[in-house]
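So the protein lines, in turn, are chains D and L.
One rule links them: number in our numbering = place in the first sequence (from 1) + 1.
One rule links them: number in our numbering = place in the second sequence (from 1) + 148.
There could be a bad hint or two in this list.
Stretch-level coverage of chain D by chain L, calculated; a stretch enters the list once three of its residues show a Cβ under 8 Å from a Cβ in chain L [unchecked claim]: (1) 58 to 67; (2) 250 to 256; (3) 271 to 280.
Everything labelled a hint here was simulated from the structure, so no lab data went into it.
Predicted, not measured: the structure shown is a model, and the values here were computed from it.
Even glycine gets a Cβ: it sits at the ideal position worked out from N, Cα and C.
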Amino acid sequence: MADIYEPESEADAAAMIADAAQAGRALAISGGNTRAGFGQKVDGAAFTSKRLRGITAYNPSEMTLTALAGTPVAEIEAELAENGQMMAFEPADHRMMMGTEGVPTIGGLFATNTSGPRRFVSGAARDNLLGIRFVNGAGELVKSGGRVMKNVTGLDLVKLLAGSYGTLGFLTEVTFKVLPVPRAEATVVVSGLNDAEAAIAMSAALATSCEVSGAAHLPESVRWLFGQNGLPDGPATLLRIEGVEASVADRVNRLKPFLQRYGAVSQIDQGDSQQIWREIRDVTPFSEDGSCKPLWRISCAPSAGHQLLAALRLETGVNAFFDWQGGLVWMQMEGDGEADMIRAYLKRLGGGHATLIRAREQVRAVTSAFEPQEKGVAVLSAAVKAKLDPKGIFNPGRMG
Amino acid sequence: MSGAIALKAPDPAILSRREQIIADLADFLPPGTIISSERELKPFETDGFIAYRRMPLAVALPRTTDEVAAILKYCAKYKVPVVPRGAGTSLSGGAIPQEDAVVIALTRMNRILEVDYPNRCARVQAGVTNLAISEAVSADGFFYAPDPSSQLACTIGGNIGMNSGGAHCLKYGVTTNNLLGVKMVMFDGTVIELGGKALDASGYDLLGIVCGSEGQLGIVTEATVRLIAKPEGQRPVLFGFETSEGASACVTDVIAAGLIPVAIEFMDKPAIEICEAFAHAGYPLDVEALLIVEVEGSEAEMDAMLKAIIEIARRHGVKTVKECQSATEAALIWKGRKSAFGATGRIADYICMDGTVPLSQLTNVLRGTAEIVARHGLRVANVFHAGDGNMHPLILYNINDPEEARRAEEAGNDILKLCVDAGGCLTGEHGVGIEKRDLMTHQYSKADLDQQMAVRAAFDPDWLLNPSKVFPLEGRA
């Protein structure tokens, strides 16, 4: 049986990692292991932050929170909710999608740069992460950033570590920005649009001064996979408005007549609205159901999403929905090995990247989960990795 | 040259080859790209951090990415240091050259290449000014959010180098949050593209580390930036307080109440007087501190938000509340604020600090700043972004008095240490440059700095790109 490492302090972690570096021992870095399926499979001794637990600093009037990396996300969300605050980047819970169990940790959330539908307003996890402490691959404790909102002191290692999937360092503590929970929300729904029409309507809505904070399109083929939520039948294009009550009412009342030129307009309020955006965030229509159909996450220019889908639909069986105004496509495929085709079309449509989230073992073994990089960028990424993890012990191979 | 900050001694071997280097560069570049006469070089000897100046070996003014690549390739081959430059407005000396370095100034690469409204982004050359982007899209209802005070002159390339902020980033974030992609030339001449029109890129967040890297990792020649739809309306309101404490406490309570305005700017009495004398903005002169709070949205939204903010201000003994009656009045209020640095420059020389502190420390740090400056026998004006704790004490002094200049620098260093000790950082938006370079050890441990320098070396192994900046000269890897 492989070793399992569960450091109980930063010093512990540093000593264990220094030791592993010395021995050239590969470590499979994780928090709660609920997002371990992202990227290629890692062989190594399990090394988890789950015993580094607890909120170390939280003063709501400063709008920042500091916690040890292994603190459960739920514990932080509960503490924030008590003070009427939230992580504005709306991080997804990936357990349904990945078919995993366990406790998502705050370190894992930032290491995977998780975000949600509010991404285009509030940024991703990386935009909200202010400071980190981590142990590098030589077993040295390093800090970067701090606990203030604006900080340009030195190189921004914070951004580099966010979204590095545990391949550059072992996070021990994170400090991030929090914001007040909007007091009200509503979602304006345009019905009956095809994907191309929806892209036009979403783009138009985001060009208004209504401050839309969520823009998703659910084609008819996925619409029924969402809960009822008061949505009308047929394809639904959703535009979320959040803020204080009077402001939400005011903006909804401006947005609705504006959108009537695109299709039939209706509205869902507070509870139903929250529910549908949670389902979009967590990709519940494509939850792991044992069928092992490949699931792809595609990030591209908002106007390219529907074009990509149109091209792929002519070639193979796909089912998909769009978040981020069309710039984030969640796509489930009927067949197996289509990576090259997806990536070729994506390139033709102006670029972006396609990530294989889930598939049968045999498919994953022969597919690059993350978009392969251009040579210059790949060389640079490898050089950066070597500077943080010189022995290559952190999650070897996970990012390809 | 005054002051205590050491600049790297020029490499005599490079200096001795100066004529050859200039001739070589001129040989493969279009006529007029390389300038080298003393008269022409003079404007490039310093930037917004005017206490220090050095003449560069030569200045290159390329018009294309290929030209930038060719220059870098040559400089890499002959190990000639390079200092990238935008408009030269850096307040931390980020663009100050050195005698053995070629300055690559991107001001001629000033074209907006593409405006893409459906994807709400613009692709621009690095020498485009910050304001030019907003102006190009304004008629169509969009703007580019980061708005440093120097936005009329500063370039987007410089903004990326420093990860610039501005008054409105409380709501919209700083450069790194509004940047989608760059085209960048590595020191060896390789051209790479990071990011694009998608909201996120795959692999390591190299764009994130390039932004704010102060021109040490590569030279950005093009950028894709986000455009945001303009709000329906904007309204700045002036609040005058009898004490700085009252104003700071008001800021904290507004934020704590979950009201996030677009901007909260703070000015103390000296700053109010300086700005009012210059801009005639109608600032009250009988108060100790002033807040400019800007809200945006529809009329109803702004009314609701302002009502709540005014209520909080009253709890902290606000003396004057001045709402604008017209767009002209609103513009005047911002004119006063945005001309603060220029107006101060008319009455004295100054150095502008840029430390950021947690909001709960604003009052303490303001008090500490006053004590430090008094101890050094100098005056200070405070004008800063209070909503995010980014302080800008302007230390007034006479640049021609070396003794006073030394004291000003010392006072500045003491203030920045105070910010770090209060849980903050040395610089919120101006960058480290040379100004704060030797204070880095106060904020970071050796391991922290070694790690940053190691990552830097992954991009520029020979340390030739903007080499005298950011990291203390001693102890480099």
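Going back to the hint list, which numbers does this structure go against? Result: hint 3 breaks, nothing else.
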